[in-house]
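**Q** Turn these sequences into a full structure, and let the hints steer you where they fit.
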Amino acid sequence: MSRAEQWVVHHVMLQQVEAHREDGESPPWWAINAIEKLEDRPVEESTAGTDRPFTCYEAWRLRRALSEYAEQPETPEDDVAAAVGLVRRLDETFVEPPTALN
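Using the numbering used here, read the sequence shown as starting at -6 and increasing by one per residue.
These aren't lab readings, by the way, just hints derived from the structure by calculation.
The model shown is predicted, which means the values in this text are computed figures rather than measured ones.
Keep in mind that the hints are not guaranteed to be accurate.
[Claimed, not checked] Computed list of lysine to any residue pairs in SDA-like fashion (alpha-carbon distance at most 20 Å, straight line): (1) Lys30 with Gly17; (2) Lys30 with Pro69; (3) Lys30 with Gln65; (4) Lys30 with Glu64; (5) Lys30 with Thr86; (6) Lys30 with Pro66; (7) Lys30 with Asp16; (8) Lys30 with Glu67; (9) Lys30 with Glu70; (10) Lys30 with Val80; (11) Lys30 with Tyr50.
**A** Following this line, the structure appears as structure tokens:
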């Protein structure tokens, strides 16, 4: 992922964590895991694919959150482009959603 893509993923996952906390709920484990994976393995240059060890479940939750973020009218155009590109790559990498999401 490029730095811009990493930023979008980090931002979207933090939104998930904050939304759950505002509702008095525990933050979703998959959002915490995605943030930790980004922070533990920063990428210095743009690389192909998502190049992150997301589980299928994490990837599909991430895909859903990125899609929702890209559809928000206040989302900056550059963020929309990054989110849509990541969604496409996640779709290519993880062909079917995990059973828990069907």
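**Q** Look at each hint and say if it fits the structure.
**A** Taking the hints in turn, this is what the structure says about them:
1. Lys30 with Gly17: violated, 25 Å
2. Lys30 with Pro69: This hinted pair is violated, its Cα atoms lying about 24 Å apart.
3. Lys30 with Gln65: violated, 25 Å
4. Lys30 with Glu64: Not OK: Lys30 and Glu64 at ~25 Å, beyond 20 Å, violated.
5. Lys30 with Thr86: Measuring from Cα to Cα gives roughly 17 Å; hence the hint holds.
6. Lys30 with Pro66: violated, 28 Å
7. Lys30 with Asp16: violated, 25 Å
8. Lys30 with Glu67: violated, 27 Å
9. Lys30 with Glu70: violated, 25 Å
10. Lys30 with Val80: holds, 18 Å
11. Lys30 with Tyr50: holds, 14 Å
The structure fails to meet hints 1, 2, 3, 4, 6, 7, 8, 9 from the earlier list, while all remaining hints are met.
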